[in-house]
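Use the sequences and the hints to build the structure in full.
Given next are the chains, with one letter for each unit.
There are 2 protein chains.
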Amino acid sequence: MKIISESVLDEPGGIIARRFDLDVDGTTVPGMHWFPAGDTTEIGNSATVCIAHGGFQHKLYGNVPELAHQFVRNLRVGVVALDAPDHGDRIVDREAAKAARDAAVRNAADGRRGLDPDTLAAMAKRAKQHVIEWRALLDDLQTDDRWAAGPFGWWGVSMGTTHGIPVVAHDPRITAAVFGLNALQPTNEADARSITVPILFLNQSDDELMTREVALALWDAFGSKEKTMHINPGGHVQVPRFERDASEAFFRRHLLENAPR
Amino acid sequence: MKIISESVLDEPGGIIARRFDLDVDGTTVPGMHWFPAGDTTEIGNSATVCIAHGGFQHKLYGNVPELAHQFVRNLRVGVVALDAPDHGDRIVDREAAKAARDAAVRNAADGRRGLDPDTLAAMAKRAKQHVIEWRALLDDLQTDDRWAAGPFGWWGVSMGTTHGIPVVAHDPRITAAVFGLNALQPTNEADARSITVPILFLNQSDDELMTREVALALWDAFGSKEKTMHINPGGHVQVPRFERDASEAFFRRHLLENAPR
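As given, the protein sequences belong to chains L and S, one line each in that order. Here the numbering used here is used: the first residue of the first sequence is 10, the next is one more, and so on. Here the numbering used here is used: the first residue of the second sequence is 10, the next is one more, and so on.
In short, the hints are calculated from the structure, not lab data. Just so you know, these numbers come straight off a predicted model, no measurement behind them. There's no promise every hint is true.
It does not matter which identical chain is used: a pair holds within one copy or between any two.
[Claimed, not checked] With a cut-off of at most 20 Å between alpha-carbon atoms, the simulated EDC-like pairs for lysine to aspartate or glutamate come out as follows: (1) Lys234 - Asp215; (2) Lys234 - Asp153; (3) Lys107 - Asp254; (4) Lys107 - Glu252; (5) Lys234 - Glu217.
Below, the structure is given as structure tokens:
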């Protein structure tokens, strides 16, 4: 992990915000690492939450740093975020990226439910690559005594769930996950069934991209004994703010329960 | 309100637990009132949560005092509970009550979904009477300066929702409600549609008494702009413990936000 820049945010207790580049088999993956100022003894735990952004968003888009600051401030955990392939600083052709986003917005406005096959194929390819990148980030974090012991959590809805399901299914270091805004698909069913860690799933009742039922079908598929679905009214990007507090309470219960405090 | 007995529970800050009888048009309605020791200035708010017990349960059954203690301890609010008609201390014929409960358990074990017409008719009659009793309790609480200003919240699942929907629909003093384990019925639809206060709804995915869908239909019917459904795996009486914390967070947001602290 190559540190590109570091700043201290003016938050109670102090939050370090680090921009880093991670080299994964020759590919540069830009990321963010937020963590409490002070050493491990002071903060009392070595947990990290991975925040995976949504489609057409990036590591510093709106809810990602806001959630990161909240988790660091209130849980005193570390938080990491990466740009997904073809997102954020990894966009090569800005015109093409804008055209793709506009097309997606048009599709949603047309009332089409579900994504087209080309988009699904591109998502599957990105997911495969990004799983490798997230696991490389966990490997890297574990070379630092401060974060090595974990536990690790996952927070990602929409595309953050598309990427999160294979990560959580195949990496036993993730012990609790917040998913949402996603549907049961042939591409995620086997992985979903193999997941057994506690899950909080955020579902929007009027999601333009899917019905409530296909999201419930994904929730049904998870093998987890503890899995809670929260349904709220509103569209795909209208998850209420108070679900951030629900996510915080979920991670407090699952990542900090056994941590020294 | 006639105080029958009073004890101080050994909890941080101190909790007063009062057994009272309320006279409602000549009928004695036994109830409980829990509240923080210390005066209003010390506790900082005048909010009260009404906890309505489930069918075949009563004002001191398991989760009622446990929830009450949690809300008083962590939110510093008052909590009240009543015995519903034909429940708790209001059971006249214990043999008949036991037979009715056994029959209900058998029906559930048979995998019958939905309640029989006789049970539904008895529930409707009890609900009508109990709504009057709850509103009389709020009237009585408002004669005490400590609790007069409210706000008032409702917590009741299963029969606690059967009784809660008409109370909340017709009494504007209730400004936030936790409902659950209940289905859309011809008897509750109009009231549900007229409710606009924030709602948290607890739904069990494997409820023996109803499908997930009829509970979702009830949630859909509420006129509230803020309404969140939490779905967990398990049967009718297996709501996870952590939903108590979710209920607490819900009331903290809606009953204490504007209260002096």
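Hint by hint, here is what the structure shows:
{"no.": "1", "hint": "Lys234 - Asp215", "in the structure": "between (27 Å within a copy, 13 Å between copies)"}
{"no.": "2", "hint": "Lys234 - Asp153", "in the structure": "neither (32 Å within a copy, 46 Å between copies)"}
{"no.": "3", "hint": "Lys107 - Asp254", "in the structure": "neither (32 Å within a copy, 43 Å between copies)"}
{"no.": "4", "hint": "Lys107 - Glu252", "in the structure": "neither (29 Å within a copy, 42 Å between copies)"}
{"no.": "5", "hint": "Lys234 - Glu217", "in the structure": "between (29 Å within a copy, 18 Å between copies)"}
Checked against the numbered hints above, the structure violates hints 2, 3, 4; every other hint is satisfied.
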